[in-house]
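Sequence order for the protein chains is Y and V. Residues 85 to 244 (this note's numbering) make up the first sequence, in order. Residues 19 to 101 (this note's numbering) make up the second sequence, in order.
By construction, these hints were calculated from the structure, which means they are not laboratory data. Mixed in with the good hints there might be a few duds.
What the hints assert, rightly or not - Derived pair list, reagent style BS3-like, types lysine-lysine, alpha-carbon separation capped at 25 Å:
#1 K22(V) - K69(V)
#2 K20(V) - K33(V)
#3 K22(V) - K218(Y)
#4 K81(V) - K20(V)
#5 K81(V) - K67(V)
#6 K67(V) - K218(Y)
#7 K218(Y) - K137(Y)
#8 K67(V) - K20(V)
#9 K69(V) - K81(V)
#10 K33(V) - K67(V)
#11 K137(Y) - K67(V)
#12 K33(V) - K137(Y)
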Amino acid sequence: MASPDTACPVTIRIQEADFDIAREIAVLTQSRTDIGAVVSFSGICRADEDSAKVAALTLEHYPGMAEEEIRRHTDEAVSRWPLNGITVIHRVGRFMPGQNIVLVLTASQHRQAAFQAAEFLMDYLKTNAPFWKKEESATGTGWVVAHTRDDEAAARWTKP
Amino acid sequence: MKVKYFAWVRERVGKAEETIEPPASVRTVEELIAWLSARSEAYAYAFEKPKVIRAAIDHAHVKSDAVIAGAREIAFFPPMTGG
């Protein structure tokens, strides 16, 4: 059996289907006793975007690069924090408000690494992973504009 | 080389991908954008603000001064909005 500090299975999936958070956590922690903390982040389709009512959201991605780019980020997370497992699931397709879009799970012996790695992964996913959102509202459809606040959130993880 | 377009760049160009053969004088991503822009109104519209456009060579992000020689696949897209 691999030692706890080197065993960090990474699962990356891009799919249309929904995910079951409890099931994904169970898969991440099954038959392991070295994990003391699992942080779960889920991104959900919101009905309000900059004061406009969103009826639906369509997620487009760059197949191939999306998986590779997420892998680069999980590799970096594994090199920066003592992690015992990572799961990233990003859905694509058309979503209604309230539906799941993205799931990030990070497992570690202690909570701090899991919290930080989950936040790091989400910040980089938003600014660097090739996904694009198109919104449908009462006034028409349009591509979501990238926020500088997301770039600022990602930039704080850059090593000096 | 194969070129792919995503999101509103794809919509403006009017296609998701194509194979192109730019002349040897087109050396960088920036020069490729200028070369494509000169092809038609649709490309000119897609690349009207070249500084906004992001590019990737063989699935990795690159800057506008990246050299395109040897690239199998180049992609152009707007800033990402996933997550």
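Checked hints:
1. K22(V) - K69(V): holds, 18 Å
2. K20(V) - K33(V): holds, 12 Å
3. K22(V) - K218(Y): holds, 18 Å
4. K81(V) - K20(V): holds, 18 Å
5. K81(V) - K67(V): holds, 15 Å
6. K67(V) - K218(Y): OK: K67(V) and K218(Y) at ~20 Å, within 25 Å.
7. K218(Y) - K137(Y): Holds - the C-alpha atoms of K137(Y) and K218(Y) are around 13 Å apart, at most 25 Å.
8. K67(V) - K20(V): holds, 22 Å
9. K69(V) - K81(V): Judged against 25 Å, a Cα distance of about 10 Å means the pair holds.
10. K33(V) - K67(V): Holds: K33(V) and K67(V) sit about 19 Å apart, inside 25 Å.
11. K137(Y) - K67(V): Measuring from Cα to Cα gives roughly 28 Å; hence the hint is violated.
12. K33(V) - K137(Y): violated, 30 Å
Hint violations for this structure: numbers 11 and 12, all remaining hints satisfied.
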